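> Protein chains in written order, with our numbering: chain W, 1 to 357; chain Z, 358 to 694; chain E, 695 to 916.
Wrong hints could be hidden among the right ones.
[Unchecked claim] Straight-line alpha carbon distances no greater than 27 Å define the calculated DSS-like cross-link-like pairs of lysine-lysine that follow:
no., chain 1, residue 1, chain 2, residue 2
1, Z, K364, W, K348
2, W, K82, Z, K688
3, Z, K364, W, K341
4, W, K344, W, K333
5, W, K333, W, K276
6, W, K333, Z, K425
7, Z, K688, W, K81
8, W, K128, W, K81
9, W, K333, Z, K424
10, W, K143, W, K25
11, Z, K684, W, K81
12, W, K276, Z, K364
13, W, K276, W, K344
14, Z, K364, Z, K424
15, Z, K364, W, K275
16, W, K128, W, K148
17, W, K275, W, K333
18, E, K737, E, K870
19, Z, K689, W, K84
20, W, K122, Z, K689
21, W, K275, Z, K424
22, W, K128, W, K79
23, W, K135, W, K145
24, W, K84, W, K128
25, Z, K684, W, K79
26, W, K84, Z, K684
27, W, K276, Z, K425
28, W, K81, Z, K689
29, W, K84, Z, K688
30, Z, K424, W, K276
31, W, K82, W, K128
Source of the hints: derived by calculation from the structure; they are not laboratory data.
Being a predicted model, the structure only gives us computed values, none of them experimental.
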Amino acid sequence: MKWVAGFFTRGIILEQRKEPALRRKLRTFLNANYAGMLFDSNLPCDGAALSGDQIIEIARLANIVDERDGLFLHEKLTKAKKMKIRVAVGDAIDDEPYVSSQMNPLLFLQKEAGEGLRLAAKAVGNPKIYFAVYKNLSDLDLKTKIPKEIDGVEVRRIHGRYPAEFRTMDDFDADGPTVLIGVCSLIHLYRAVYEHRIQSTCFVTVAGSCVANPTNLEVSIGMTPTQLFERCGLAEEPGYVIIGGSMTGEICEDPDHYLVGTMSRAVLALRDEEKKRRYQCIGCGRCAEVCPENLTPFYINRYIELGRYEALAFYDIHRCIGCGTCSYVCPSKIDIAEHIKQAKGEMKRRRQEREVG
Amino acid sequence: MLQQGQKAPYVRNRDSAFTVMMDVVIALIPLYFMAFFFYGLRALMLGLASAAAAVVSDVACTLLEGKKPYPRDISPLVTGLMLPLMMSAAVPYYVVISASVFAIVFVKHVFGGVGQSAFNPAAAGFAFAVACWPTQVFSYPAPFSAPPAFQAVTEGLSSSPAWNLFQGGVPAEDVLDLLLGKFLGPMGLTNILVLATCLFYLLFRGAISWQAPAAFFGIMVVAMLLFPRIPDTGPMSLVYEATTGMWVFGGIFMLNEPGTLPKRSSSRLAYGALAAIFTISFQRFGRVEQTFAFALLLTNVFSFTLDRYSERLLRRLRRVYLATRTKLSEKKSAQRA
Amino acid sequence: MLPEQNSAKRNLRSGLNLIFAQNPVLVTGFALAPAVVGTFTLKNGTGLSLVFAMVTIPVLFLASLLGMLPEKVPQFVRTMACVGLAALMLIPARLLARGIAPNLFDSLGMYFSSMALNSVWLLRAPLCQEKKPIWALWEGVCHTIGFSVCVLAVSAVRELLAYNTLWGHPLSLPAKFPAIAYAFAGFIAVGTAAAVLRWSIDRAHDVAGLVQRKRKKWRVGR
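Could you put the whole structure together from the sequences, leaning on the hints where they help?
Now the structure itself:
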């Protein structure tokens, strides 16, 4: 039944391009100043001896940030404990092309990830635990196999087309309230509990068409993209640098001075082979066919171009999740997702002005 | 930074407006090949004249609007190539040229150019030609009669089996000839097998979506089988109608013209159904032997309305779905507590 | 009666503007339906202009006269009086139309009669109550001229292209487009005429602006 549900999801099938970064071993690239910084605590370095509240306290002391949504892990766990969570999921979905900074640590640091998830589960009141990995990875190497079970924890695959991360909740909803925790922060939780280490590193995929050796790196927080490219080697001068996923990430204007942080997840050096040609909208309606939220980006875009913001509410613009599928499929290469993002900001600004004035 | 102005997402689909249009042009080539096979050089020259007229008038209109002409936009070429296929091979050159100029200038550019036209340019051009010169458009030379390429054709023209059907008679042609397209008819759309191949090519390439043609052909076929225009012919009626009528070509190429097609899949189904209903009722009560173009022009009017209703329905469904979901989860948590 | 409604300069100017710059059909969009559908021959166009004149001028004049009545007379009575006059004027209009062409009434069909309630006087009559009769008459005449200019031009072009005739006299032209006699071509013809008119008005404004600027320059130079 679940497979069928995945089959009928709307969205796009993407060439994932995760190899060879996913297959390669996770490497570390640390800044000597911060490596191995510890916090002071009298708590024992043994997960079994700790109570749930003590684990949350350790997460607070270690300053762990969940890379999934940028929340502090201890805040997230406290909130989850209050909500009486039934399922805790270690999120390693990575549905965007090139990005594998959650899957790769999950595959190569299996013990840490599994134990971290168990610790987090203990903190929120022993719910069922799973790992979640994207299913639709058609272009994996034969060597790379996603196991059915990692360190005794079942791995559930998220089926369906590209924007898969936003409907992960639905896959686990049957068992009760669910909390999703990023795998990287679970690994950091393990280290904090067993070694009392402060989170001073983050996991980043360095990839893209211009990178010579695409790799997943564990880097110190505060490195610059240029340093990472020096580590992995550039095959050619990058056309532009992106921080974050290839679908939703942002352009990095200044790779020499931008600081990579926990939320970065990937640093991509890309270069478009062809000159980007823009066309007038031919009205083919492909954007409406693929929109995962079943909106009609065609009309939204047209009304934005006409400046008629009052008509946008009818097309439920607030339901847009910003996944970028509409821009991806558009044969006229219109930046629909970007227009919607700007229009949302503009509408918010106008609403605030109205409230003030 | 070498490249600037990139916006998320940074990976894009390879299809572009050019390739989408080019697929339609490629699908039209076999039809021109058939026309060349039956009527010789004149068929190709008609296509060339019409396409050239369309492209030239498109460029002229773009310049008049104060924009730069964009050579990779080949939508006028598609319109120009479609028009002569629907007419007789003996049609004078001025008919074809003025039809395509009318289609581009008064139907496409008056409403705002690419993707904005309220009516299908090719259908409107054909309707214009029929309204102005019905005898020239509807009198056909026999296949393999080799009409002269450049002079006006006046001899050996007669009406098509579609006219027979329209008058309430039964076409006298052999069934095999009908299926292979060897009968008096529009120069490009007599061979139904080639048309079917084009349909599958376009569907497979993703140049057209399946909803509108599925609804259109489904209703047309069912209506032809259940209520044949000629009584007591049974399934043969379907063969006559499908081979001699313009609606097979129209359902593949003109119905799916992206600018006028509704955008939501549910409204596309309704659009196809509406086009079929109009085509059939125009066949019964109309005054012209080929009714599809006129029916399509009427259907175009409903395109935006259908989308609007579809969106309204979707909004309602979305709210009902979200409300039931929150209610269910509340119920569940209440049960657990 | 308001004084500024009756200044001679203002009224003369606004009346003349109605012929081109504020053309009732092409710029303001009044009486579009008959102007689009009925204008496929020059005779029809003339007939439409005739009915327009026969209806609009007397009704506006009457409205101005009604404005002199005491305020006790309610508005609906005045409107009904105008409608009654407009309907009555159709009878002499038809008699006159027979003089132009015997079958004019039939070829115009319902558009002949529908001119009785055209949107020009429906909108202008209440405003004309504030005006002196002479200015109401002037406005009616100018509206008629504006309407006739548009309708005659469109109908002449359409007759030429559709039938290759002008006022029924055959002319030899290279091409003949019978489809132009249909209603959709009327829309296109009126739309094109409106576009051409607006374009030329814009150009006229440009030229006027240029002349003014040059004059200023000279003044500064002196």
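> Mind listing which of the numbered hints don't hold for this structure, in increasing order?
none
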